[in-house]
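Take 5 as the starting number for the sequence shown in our numbering and just add one per residue.
Think of the hints as simulated: they come from the structure by calculation, not from any bench.
Cβ atoms here follow ideal geometry from the backbone N, Cα and C, with glycine treated the same way.
Treat the hints with care, as some may be off.
The following label-pair restraints were derived from C-beta to C-beta distances [said to hold, decoys possible]:
hint, residue 1, residue 2, range
1, H53, E83, 30 to 36 Å
2, G54, E106, 15 to 21 Å
3, A92, H53, 35 to 41 Å
4, K117, E97, 20 to 26 Å
5, R41, P93, 26 to 32 Å
6, P85, E55, 38 to 44 Å
Straight-line Cα separation of at most 25 Å, DSS-like style, residue types lysine-lysine; simulated pairs [unchecked claim]:
hint, residue 1, residue 2
7, K91, K58
8, K74, K91
9, K61, K123
10, K61, K45
11, K117, K45
12, K74, K45
13, K91, K123
14, K82, K117
15, K82, K123
16, K82, K61
17, K58, K74
18, K61, K80
19, K61, K117
20, K123, K45
21, K80, K123
22, K74, K117
23, K58, K82
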Amino acid sequence: MRTKINLDCATAAVLSAGLMFFASFALAANPPMGADRHVAKGVTCNSCHGEDLKNPKFPDDATCTQCHNKDALAEKTKELPGANPHKAPHNGECINCHLQHEPPENYCAQCHKFDFNVK
Numbered sequence: 005m006r007t008k009i010n011l012d013c014a015t016a017a018v019l020s021a022g023l024m025f026f027a028s029f030a031l032a033a034n035p036p037m038g039a040d041r042h043v044a045k046g047v048t049c050n051s052c053h054g055e056d057l058k059n060p061k062f063p064d065d066a067t068c069t070q071c072h073n074k075d076a077l078a079e080k081t082k083e084l085p086g087a088n089p090h091k092a093p094h095n096g097e098c099i100n101c102h103l104q105h106e107p108p109e110n111y112c113a114q115c116h117k118f119d120f121n122v123k
């Protein structure tokens with residue numbers, strides 16, 4: 005009986021190590037979304053989607069700029085090659101690039117050849 009218990013503990017340890025190993029690859033292949041980063045910083049779903057999560061509101065530029073100062077972002081990204089995506093005359097809404105629940109997208113690349121690393 006003692007051998008069985010030790011074997012089960014060893015098996016559990018090996019399985020746990022294997023799961024952590026493969027999970028690290030999955031995380032690298034699927035980096036956290038913007039919403040994941042918000043949750044990690046304590047931002048609740050209600051902050052962007054309103055109080056009624058059965059009928060959530062769709063966030064817009066005004067929602068994002070409640071916490072994110074657009075001028076500060078433009079200053080932070082002013083050295084990007086090509087153009088500053090936060091100061092473009094026709095950049096539209098934050099969510100064109102920062103999709104939150106999907107991988108971010110370089111919206112500018114639809115027409116331009118700017119190689120931005122969108123987070």
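Comparing the hints with the structure gives:
no.: 1; hint: H53 with E83: 30 to 36 Å; in the structure: 33 Å, holds
no.: 2; hint: G54 with E106: 15 to 21 Å; in the structure: 20 Å, holds
no.: 3; hint: A92 with H53: 35 to 41 Å; in the structure: 27 Å, violated
no.: 4; hint: K117 with E97: 20 to 26 Å; in the structure: 22 Å, holds
no.: 5; hint: R41 with P93: 26 to 32 Å; in the structure: 28 Å, holds
no.: 6; hint: P85 with E55: 38 to 44 Å; in the structure: 42 Å, holds
no.: 7; hint: K91 with K58; in the structure: 35 Å, violated
no.: 8; hint: K74 with K91; in the structure: 8 Å, holds
no.: 9; hint: K61 with K123; in the structure: 22 Å, holds
no.: 10; hint: K61 with K45; in the structure: 21 Å, holds
no.: 11; hint: K117 with K45; in the structure: 33 Å, violated
no.: 12; hint: K74 with K45; in the structure: 19 Å, holds
no.: 13; hint: K91 with K123; in the structure: 17 Å, holds
no.: 14; hint: K82 with K117; in the structure: 17 Å, holds
no.: 15; hint: K82 with K123; in the structure: 16 Å, holds
no.: 16; hint: K82 with K61; in the structure: 31 Å, violated
no.: 17; hint: K58 with K74; in the structure: 30 Å, violated
no.: 18; hint: K61 with K80; in the structure: 29 Å, violated
no.: 19; hint: K61 with K117; in the structure: 33 Å, violated
no.: 20; hint: K123 with K45; in the structure: 15 Å, holds
no.: 21; hint: K80 with K123; in the structure: 13 Å, holds
no.: 22; hint: K74 with K117; in the structure: 23 Å, holds
no.: 23; hint: K58 with K82; in the structure: 39 Å, violated
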